[in-house]
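J.: Now for the letters of each chain:
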Amino acid sequence: MISRDTQVEDIVKIPGTVTYFIQEGVSPITCSGAYPQTLGRLLEIKNVPDPDAFIDGLNAFLKERSLKGEESRTP
Amino acid sequence: MKMPRPMDEGYKMLIGGEWVNAGDGKTCSSYCPANGELLAGFPDATKEDVDAAVKAAWKAFDSWKRMSPPERSGLLLKIADLIEANLDKLAMVESLDNGKPIRETTAVDLPLTIDHFRYFAGVIRAEEGEAVMIDDNNLSIILREPIGVVGQIIPWNFPIAMAAWKIAPVLAAGCCTVIKPSSTTSLSLLELAKLLNKVLPPGVVNVVTGRGSGAGQYILDHEGFRKLAFTGSTEVGYDVALAAAKKLIPATLELGGKSANIFFPDAPWEKAIEGLQVGILFNQGQVCCAGSRVFVHEEIYKKFLSEAVTAFKKIKVGMPWEKETQMGSQIDGTQLEKILAYVEIGKREGGRVAVGGSRATGNGLEKGAFMQPTLLVDVDNKMRVAREEIFGPVAVVIPFKTEEEVIAMANDSEYGLGGAVWTKDINRAFRVARGIETGRMWINQYNNLPAHTPFGGYKKSGIGRETHKAIIEHYTQMKNIFINLSEQKMGLY
Chain A
1 MISRDTQVED IVKIPGTVTY FIQEGVSPIT CSGAYPQTLG RLLEIKNVPD
51 PDAFIDGLNA FLKERSLKGE ESRTP
Chain B
1 MKMPRPMDEG YKMLIGGEWV NAGDGKTCSS YCPANGELLA GFPDATKEDV
51 DAAVKAAWKA FDSWKRMSPP ERSGLLLKIA DLIEANLDKL AMVESLDNGK
101 PIRETTAVDL PLTIDHFRYF AGVIRAEEGE AVMIDDNNLS IILREPIGVV
151 GQIIPWNFPI AMAAWKIAPV LAAGCCTVIK PSSTTSLSLL ELAKLLNKVL
201 PPGVVNVVTG RGSGAGQYIL DHEGFRKLAF TGSTEVGYDV ALAAAKKLIP
251 ATLELGGKSA NIFFPDAPWE KAIEGLQVGI LFNQGQVCCA GSRVFVHEEI
301 YKKFLSEAVT AFKKIKVGMP WEKETQMGSQ IDGTQLEKIL AYVEIGKREG
351 GRVAVGGSRA TGNGLEKGAF MQPTLLVDVD NKMRVAREEI FGPVAVVIPF
401 KTEEEVIAMA NDSEYGLGGA VWTKDINRAF RVARGIETGR MWINQYNNLP
451 AHTPFGGYKK SGIGRETHKA IIEHYTQMKN IFINLSEQKM GLY
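Taken in order, these protein sequences are the chains called A and B.
Mapping of the first sequence onto our numbering: position 16 corresponds to residue 16, and the numbering continues sequentially without gaps.
Mapping of the second sequence onto our numbering: position 101 corresponds to residue 101, and the numbering continues sequentially without gaps.
Keep in mind the hints are simulated off the structure, nothing from the lab.
Derived EDC-like pairs (lysine to aspartate or glutamate); straight-line CA-CA distance at most 20 Å: (1) B:Lys347 / A:Glu24; (2) A:Lys46 / B:Glu388; (3) A:Lys13 / B:Glu37; (4) B:Lys382 / A:Glu24; (5) B:Lys194 / B:Glu18.
As the structure is a computational prediction, the values presented were derived from the model and not from experiment.
Let the sequences and hints guide you as you build the complete structure.
T.: See the structure below:
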């Protein structure tokens, strides 16, 4: 279960999460690498109006992907 | 051609002139993004490691700051010579760790790196200070003194060049540094550190490695720095600025961009088509000042787009270590995923893929993070793909009618880092260059980033200028020595 306190570096290792972030208007990765603090802090910097909805959506997205058995990415 | 392996199997951090593992023994790994192969391991620094590096830097600072400019300049020149003597190895390590083509690291990244050290060697020899008689009795002397120990964090897109951008002026200014590369691309700085350690006194340059949330955050939190310097995303830039503000120390930031590459009907045609490619395909589009918004005058739009599409289709995407490769792999799978997500967003917003738009596959590319050179058309400047930094070989192409219109569109961005105008009319070139709110405007070229030309951003693209003597001000403090030469009392008391 991902929460505000989950490190973004750990989240982006999960296949498909970057797609969710980008679709929702938040880039978790850039030329410095994955954002180096918590998801809560990233959502604060990006002025996401409803962080809880974002996080709920992310968890639901991941649950749906795992139910579909959707897999991974390139190195 | 089989992938070469010039790097060590494992690396250590450089702290106080010694090679050390992380205090708790933890490591990170570097992989080649072109094929997923493990390249090398390196330490994941602890808080105590960063603290040791800061202490080593302060220990070195007292004598380093007193070294005369001729001596310091001589060391900078020696470093440049050593890098040049090891160019081929460093270029290959960089290509394998980052995914960029060997022809770029050999002809661009490494020469720029070498020249940076030579440029700053010259800057400090030419520095003459200032002195002025304020009146008959008062002499004002202005000196610049090194600020102290600085913390520096660099990104993965140009690892060794960014290291040069940070380390060369630090050394020139008489400061000492604790510098951290991206955990995605640490190897070239660790190789460079081997060369620096042959030349510099222990502790002047300390290299700590590891995760952003680990070593990176420990640098931001440490109380021992007198300044922070960061190149990377605007999001992390906020955190760096905040960390500096909490300690009341300065920070220089080179952040993101969404730069405008603008083509007028009288652009030098073939050079302009190449300039479009240089703007968005160089380094696989992973450039903070990439020309990712392409504005083309409506008079030439159809012809320009047609030739651009043809040119993009001919780009040789391939393994980074092969000499014919023009575009290598993106930095990793997550970055590729981000780029592809933006292409989908562009389509959903009403845009159309004119060329590319998918992963590049075939000839073994499936194992790596390869993207096709891509142009999105039928896009307007308000769409997300025209406003957000994609950081890949994806440009949006937007027609315009007038100078005023294109200047307004170029400025309708939260960023202001780079940009270019292509025209033979010098008056128009200057009007457009001056009208756009950005720190660098190229005219009839793109992505040329030598030392001797100040580079940095307006707006959310950053604070401060690098690649120029102007950066020395950021690494020094101004001391005013104000002397009264009269032997008479003032008569006040």
